Amino acid sequence: MATFNFKKREIECKIVYYGPGRCGKTTNLEYIFKTYKKQIAGEMVSIDTEGDRTLFFDFLPMGLGKIKGCDVKVQLYTVPGQVQYSSTRKLVLKEVDGLVFVADSLEVRREKNMLSLKDLHENLKSYGTSIFKVPLVMQYNKRDLEEEGIPLMSIERMDQDLNRQLKAPHFSASAIKGQGVPQTIMECLKRTLLNLQKQLKWAK
Amino acid sequence: MDPKDQIISLLKEADLYQNQGLLNEAKERFKKATEIIKKSPDIKNGQALIASIVKKVVDLNQKINQINQATSKPTVSDNKQNLIKKLFAGGDEKGDFTSALEGAIALAKFGQFDRAMKEFEQLLDVEAVRVAAAKNIVRCHLETEALEEAALCFEKWAGDDRFSIPQLDKIRFFLEGRFRKLGFERELYQREETISDEDMETLEMESPPTETPQTSRDAVPSHEPAPVLEEMELPEEDEFLDINSVGIQLPSGPLKGRMVEFDVSFQTGNSINLIIASKESSLLNELSKGTKLTDMQFFSPIAILNGSGVVTAKTQIKSGPKEGDYSLDITILTT
Chain Z
1 MATFNFKKRE IECKIVYYGP GRCGKTTNLE YIFKTYKKQI AGEMVSIDTE
51 GDRTLFFDFL PMGLGKIKGC DVKVQLYTVP GQVQYSSTRK LVLKEVDGLV
101 FVADSLEVRR EKNMLSLKDL HENLKSYGTS IFKVPLVMQY NKRDLEEEGI
151 PLMSIERMDQ DLNRQLKAPH FSASAIKGQG VPQTIMECLK RTLLNLQKQL
201 KWAK
Chain G
1 MDPKDQIISL LKEADLYQNQ GLLNEAKERF KKATEIIKKS PDIKNGQALI
51 ASIVKKVVDL NQKINQINQA TSKPTVSDNK QNLIKKLFAG GDEKGDFTSA
101 LEGAIALAKF GQFDRAMKEF EQLLDVEAVR VAAAKNIVRC HLETEALEEA
151 ALCFEKWAGD DRFSIPQLDK IRFFLEGRFR KLGFERELYQ REETISDEDM
201 ETLEMESPPT ETPQTSRDAV PSHEPAPVLE EMELPEEDEF LDINSVGIQL
251 PSGPLKGRMV EFDVSFQTGN SINLIIASKE SSLLNELSKG TKLTDMQFFS
301 PIAILNGSGV VTAKTQIKSG PKEGDYSLDI TILTT
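Going down the list, the sequences are from chains Z and G.
Once you know that position 192 of the first sequence is 192 in our numbering, the rest is easy, because the numbers rise by one and skip nothing.
Once you know that position 49 of the second sequence is 49 in our numbering, the rest is easy, because the numbers rise by one and skip nothing.
Careful: at least some of the hints might be erroneous.
[Stated by the list, open to error] Pairs of lysine-lysine residues, derived as DSBU-like cross-links and limited to a Cα-Cα distance of at most 30 Å, are as follows:
no., chain 1, residue 1, chain 2, residue 2
1, G, K56, Z, K90
2, Z, K118, G, K73
3, Z, K90, G, K135
4, Z, K201, G, K314
5, Z, K90, G, K181
6, G, K86, Z, K38
7, Z, K94, G, K80
8, G, K289, Z, K66
9, G, K73, G, K4
10, Z, K177, G, K181
11, G, K4, Z, K94
12, Z, K94, G, K55
13, G, K80, Z, K198
14, Z, K90, Z, K118
15, G, K86, Z, K201
16, Z, K68, G, K135
It should be emphasised that the hints constitute simulated quantities derived from the structure, not laboratory data.
Remember, predicted model here, so these are calculated numbers, not experimental data.
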């Protein structure tokens, strides 16, 4: 849950990038870190391991400036995607305010996407919240690989697999090229802040 | 598709998956390509191609093994440990010692056991968090499967004047419970309350006239060990495990005896809150303020505990998405 300092008129919220291993969560944050220098409020910290896999989390603090008289700070996190880091994923997810689910467009990763979404659903449930309640944006990543003749799932199929019930806004992306990354984070921020505004009434 | 094109396509995919870190997927593609080469005698340099693929698969296997064998929670740098404390300790507005305890707990949750234990050790000097710190040291040992060390730690504290007998009892009950769950049999030495001659003189001076003990408990001779409790005494608020969901066996009504599971919507120490939909009238009728729940199961990320609780509040939600549903507060009595 976001923290709201009434005295300082400061709000700090947490957005988590979730998804299967190697889907491009860290790449999303790296692009944001490179591109939005003005809004970045510190260094990006990555705790990774063998083969550049995220071990605990990536962390990127951002400052969005004043919105409706309130200083808005955002903490971006990624979770480790590998199946064995389940407990760490859950720790990072605690008190999340907004979510980006990064799905891998590669056909061979179809099942992993679905398992990761199920894992997200279960972890949120364990914290007493529902995937339908937390602001969520879907990102279908690695679309650039189509040009290289690698079998990808169609957007329609991914939407059918992952987003049929959620009906979350979705974006095609190539995080490595930065395509779709700004749209994804902007939409997630917009939804997260609107949701917090409803809960905390901070913009009144 | 022509076998040659098929092989080219599979090898291209395999290389790309390998670059993406999708090692198992790359291996699968290499294997498929090998199968096709074997079935296609017309492929030029088929054997050389297979040999080159075999070498790549061997490399892939090595990488996969490295990843699988890597410890899931290695020790990270001091700076990263500091960041973990800062981000996951829940703020420092609760006071020095509680924040310090939460910081150390965050480190332990991320597997930074050595530093966590050092920080817990320092907190043993602080009365208010001593038991919590001690239990967490024990937890760290148990997490690293150092069961004997956990027992030795307790025995060291048993001879340490900082710990009172009731504090040691709490830790012992906790540790014995964990040992039982792990099937580890180990007797724990604990000092008994001793009275010095000086104390005896004072006692003789101040003691009231001797009375016959009125209850069987009073009748237990002081030199006998404390009776083993069936249920562990509740730890302090800070030491509570995060409880994700609970199972409640309904004490009465048409659903009597049935175990019903609920998600915990939030938890503060030994108090948990559940939301029950208004349509669940048969459940709601059986759960009122004051209802004692003698058979409960608590599901935490690391353990399932049996225990009991009492409903301390039941209120209907007046607004928001859960309007009309009921919010139930349950205080956990024993686990």
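Consistency of the hints with the structure:
1. G:K56 <-> Z:K90: violated, 35 Å
2. Z:K118 <-> G:K73: With a Cα-Cα distance of about 24 Å, the restraint between K118 (chain Z) and K73 (chain G) holds, given a limit of 30 Å.
3. Z:K90 <-> G:K135: holds, 23 Å
4. Z:K201 <-> G:K314: Roughly 26 Å separates the two Cα atoms, so the pair holds.
5. Z:K90 <-> G:K181: holds, 24 Å
6. G:K86 <-> Z:K38: holds, 23 Å
7. Z:K94 <-> G:K80: holds, 19 Å
8. G:K289 <-> Z:K66: Not OK: K289 (chain G) and K66 (chain Z) at ~45 Å, beyond 30 Å, violated.
9. G:K73 <-> G:K4: violated, 45 Å
10. Z:K177 <-> G:K181: The hint is violated at about 51 Å.
11. G:K4 <-> Z:K94: violated, 51 Å
12. Z:K94 <-> G:K55: This hinted pair is violated, its Cα atoms lying about 44 Å apart.
13. G:K80 <-> Z:K198: violated, 35 Å
14. Z:K90 <-> Z:K118: holds, 13 Å
15. G:K86 <-> Z:K201: Cα-Cα ~27 Å, so holds.
16. Z:K68 <-> G:K135: Violated. K68 (chain Z) to K135 (chain G) sits at ~46 Å, over the 30 Å cutoff.
In the structure shown, a violation is registered for the earlier hints numbered 1, 8, 9, 10, 11, 12, 13 and 16, in ascending order.
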